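Chemist: The primary structure of each chain is shown beneath.
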Amino acid sequence: MTRKSRRLILIACCGAVLALALGLILSAMTGSIVFFRSPAEVAANAVPPGTRFRLGGLVTEGSLKRGPDQNVEFAVTDTGATVAVQFRGQLPDLFREGQGIVAEGKLDAGGVFRADTVLAKHDENYMPREVADALKAQGRWQEGGGKPAPKEAAGEPKDGAKADPTLGQRSER
Amino acid sequence: MIVELGHYALALALALSLVQAVMPAWAARSGDAALREVAVPAALGTFACLLFSFCALAYAHVASDFSVQNVVENSHTAKPLIYKISGVWGNHEGSMLLWVLILALFGAWVAGAKTSVPPVLRTNTLMVQASITFVFVLFIITTSNPFSRVAPAPLEGNDLNPLLQDLGLAIHPPLLYLGYVGFSITFAFAVAALIEGRLDAVWARAVRPWTLIAWSFLTLGIAMGSYWAYYELGWGGWWFWDPVENASLMPWIAGTALLHSTVVMEKRDALKVWTVLLAILTFSLSLLGTFIVRSGLLTSVHSFATDPSRGVFILAILALFIGGSLSLFAWRAPMLRQGGLFAPISREGALVMNNLFLVAACATVFVGTLYPLLLEMLTGDKISVGPPFFNWTFIPLALPLLFIVPFGQALAWKRGDATAAAQRLLAAFAGALVVGLAAAAYAWGGPVMAPIGLGVGAYLIIGSVLEIWARARGYGQSRTRDLGTTWRRAIGLPRSAWGTALAHAGVGVAVLGIAAQAWSTEGLGTIRPGGQVAAGPYIAVLDRVGPKKGENFEETAAFLTLRNRAGDVIGTVETGKRFYPSRRMTVTEAGLKTVGVSQIYASLGEVMPDGAIGLRLYHKPLVLLIWIGALIMAAGGGLSLTDRRMRVGAPVKARAKLPPAAVPAE
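Note that the protein sequences, when read in sequence, are chains A and B. Counting from 13, one number per residue, gives the positions in the first sequence under the working numbering. Counting from 501, one number per residue, gives the positions in the second sequence under the working numbering.
Hints were generated in silico from the structure; no laboratory data involved. The reader is advised that the hints may include incorrect statements.
[What the hints assert, rightly or not] Derived SDA-like pairs (lysine to any residue); straight-line CA-CA distance at most 20 Å:
# : chain 1 : residue 1 : chain 2 : residue 2
1 : B       : K882      : A       : A58
2 : B       : K1049     : B       : E732
3 : A       : K16       : B       : E732
4 : B       : K882      : A       : A31
5 : A       : K16       : B       : D769
6 : A       : K77       : B       : D1110
7 : B       : K882      : A       : F47
None of the values given here were measured: they were computed from a predicted structure.
Please put together the full structure from these sequences, using the hints given.
Modeler: Here you go:
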C-alpha cells in the first residue's frame, strides 16, 4: 500500500467520523432543543400546546397549593402575565413563593403548564439568569439584583432581604 | 499578621514566577546555561510561596479570623473543623488560590524530579508553566484577593453554603484541580517543544507520565464530583450534562485521546503534530472550563459569585494562551518531520480511530455546551440543551469507540491482522452476546440500550482479561501451553500492560453501571407513619418522623424500614431535612442503603403540619459500578505510573543500581 493510499484511507475515516458527529449534532438540534419562555410570551399565545419549553419567572405569592399524592399547583409570574403550573414530585429545597424558578414541561389544552422538572438554584440569592433577563427586559428588575449579592461580602446581615423576599425588596439589593 | 504574610507571599510568588518565565528566554539569547537553570529554583520558590500563602488562608479559616472578608463570607464558628478547612476552597478566591497552588506544584514537581528530560526542554517547560502561573496569580491579586480585610470585623461569619458542608467538598475540588490543572504541564511541554522545534520520542517519553498523572486525578475528581452530586442534590441522578460538568468532561476526553496518541508517538515516532495539538487543546479546554465556571455566563448548578471584571480577565487569559499556543503551532508545526509509517489495520490505526472518535465526541459536548451561548448572542433566543441532546450525540460515538478498545490492543504495531485479532477476541464476543441476551431476556420489553450496554461492558472486561492472557501465553515460538509459565509470565508483564488492561476493564465496569441505570425505578408518595412507598423490588415503610440535632444544624428525619417484595427486612434508612440557622437554609439529606453494588435511595420531601411526609424512593441497580469503574480506571493509570519507564519521582536509585550490571556488558 502506498503512502498516498494510506493517507486517503485516513482522510476518509476522519471525514466519515466527523460527518457522523455533525449529522448527530444536527439531528439532535432539531429534536431536543428546549426554548426558554416567559409568562408574557405564554400569555401572548406564542407557544402552542404540546411543545416542550422552559418557563421561568417568580412563584406568585400565595399561589402554592399542595394536593394529595405529591401533586402541587402554583403560579409563575413575571409580574405582568401569570401562568398556572401543575407538578407532581418533590419541589427543590429552595423553592419558595416569591423566588425565581425555572420549570420544564408542556402546556396542556387548558393553558395549564404541566411541569416535569422544577429547578431552583441551590443558592438562596440565586435568580435564574433567564428569569432575571426576562424581568429586566420589562423593567421589573435592576441590574445586579440577580447576582449573588455582592453586598453580602461586606458582612451585612442577610436576613433583611430574606425576611420579605418580595420583588421590591429584592430588587433593591 | 499571618494573613498579611500570606498576602505578601502571594505577591512574592508573582515576582518569582516572572523571573522563572523571563530568565530561560533571556538565556536563550545569551546562551548562558547558568542563567537558564535559574528557572529550577524559581519554580521551587514559587511553589513554596504559594503553599505558604494557601496555608495562611487556611489558618485564617480555621482560626475564624473574621477580619478577613473571605472568612466572613464563608465560615462560621459553629462549623465543624473539617468544613472550616475545606471551606478554604469552597469559594471563588480560595479555589483560585488552590488552582495556582497546583499549577506551581506541577512546576516544582518538574523542576525537582530527576528525570532524563533534556535540560533545555525542562527549562523551557518551566518557562511556559511560569507564564501561566504569573497570569493567574496576577488575576488573583487584582480581581479576587482572598486576603482583603474587613473593618470593623463582624462577630460572626455568614457560614458556608450548607450544600458544600460535606466530605465531597474536601475531596472533589483538590482531585479535580490536580487533573484539570495537571494538563498545564503537558501544555507547557508541548509549547516548549514547539519553541525549540524538537519533537521526538524523548519528548513523548517525558510527557507521558504527566499525562497519566493528570488523567488519573481528573478521572477521580470527576467520579467523586458525580457521586457527590448524586447523594447530595437529592435528585438521584449521577450526571446532568450541566455546563460545568461538561467543562470537566471535555478536558478528560481530550486528555484520554492525548494519553493514547503519546503512546503512538513514543513507540513509533508517528502522530507528532497531532499529539502536540492535542496537548494544547486539552489544557485549552481546562482553561475554557475555568472560564465557564467563573464567568457565570452559563446557567448551572455550580458557579461562584460572579463579577464581570473576572470574566473579562479570564477571557483575556484564554485568548492569550489558546491564541498564542495555536499561532505558535501553526508557525512551527509544518517544520516538524513526519515519522513512523503504518498500515490502516494496525495498533497505530486503531489508536488513530480512538483519537478520532474521542475528539468527535468531545466536539459534540463542546457544541452542546456553548451553542446556547452563541445562539443567545446572535439571535437573543434562550434555549437549553439538555440530556436528550447529549445522549443522542455522545452514545453513538462512544459505542464504536468502545468496540475498538480490545480490538486495537489485539492488533500488532505497524501492520496488524484483523482476522487473527477477531479470533483472539472470540471469547469476548461470545461473553458479550451471552450477557446482552440474558439481560434482554430477563428484562424483556424494557429499554433497548440497557442490554446492549451490558454486553459492551462485558466485552470490554473480558477483552482486557484476554489481552493479558494472550500476552502471557506469548506468540510464535515462545508460545506456551503450561499454566504455570503463563502465570509467571503474566506476573512479569510490564506494569503498564497491567495498567492498560485494568483501565480498560474499568471502562467496562463503568459502562455496566451506566447501562443498568435504564432499569432504575422510582416511587413517590405522601405517607404517614406506617405508610409505604415502593420502588422496583423494594418497599420503604415509614417508622417515625423525628428531630435530630447536628453540630450546626437542626434536622427533621424520617426513619424508614426497607423490605423486599417478599416482606423480609433488608435494613433501615433515614433521610432528613437539615435546617442551617446561620444561612436560614434547608437542605435535603438523602438516605442510601447499599445492597451489593445496587442502591436504594430515599429522599424526604415536604413535611406537612399534620405529620404526613412526601417521600421519593429510587431503586438504582448496579449504580455503584459507575464510580467503582472510574476508580479502577484511575488505579490502572496509577499502576502504569509505577512502570519503570514512567517513573517521574525517583529513577535515581534505579540508575544507581544499573551500572554494575551495565559496565561488564560494555
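Chemist: Can you confirm whether the C-alpha distance between K882 of chain B and A58 of chain A stays at or below 20 Å?
Modeler: Roughly 14 Å between the alpha carbons, so the hint for K882 of chain B and A58 of chain A holds.
Chemist: Measure nothing beyond the straight line between the CA atoms of K16 of chain A and D769 of chain B; if it is 20 Å or shorter, mark the hint as holding.
Modeler: Holds: K16 of chain A and D769 of chain B sit about 19 Å apart, inside 20 Å.
Chemist: With the threshold set at 20 Å, check whether the alpha-carbon distance from K1049 of chain B to E732 of chain B stays at or below it.
Modeler: Holds - the C-alpha atoms of E732 of chain B and K1049 of chain B are around 19 Å apart, at most 20 Å.
Chemist: Take the C-alpha atoms of K882 of chain B and F47 of chain A, compute the straight-line distance between them, and say whether it is at most 20 Å.
Modeler: Holds, at roughly 6 Å.
Chemist: Measure nothing beyond the straight line between the CA atoms of K77 of chain A and D1110 of chain B; if it is 20 Å or shorter, mark the hint as holding.
Modeler: Holds - the C-alpha atoms of D1110 of chain B and K77 of chain A are around 15 Å apart, at most 20 Å.
Chemist: Need the status of pair K882 of chain B, A31 of chain A: alpha-carbon distance at most 20 Å?
Modeler: Violated: K882 of chain B and A31 of chain A sit about 27 Å apart, past 20 Å.
Chemist: Holds or violated: K16 of chain A with E732 of chain B, Cα cutoff 20 Å?
Modeler: violated (55 Å)
The structure is inconsistent with the numbered hints 3, 4, although it conforms to all the rest.
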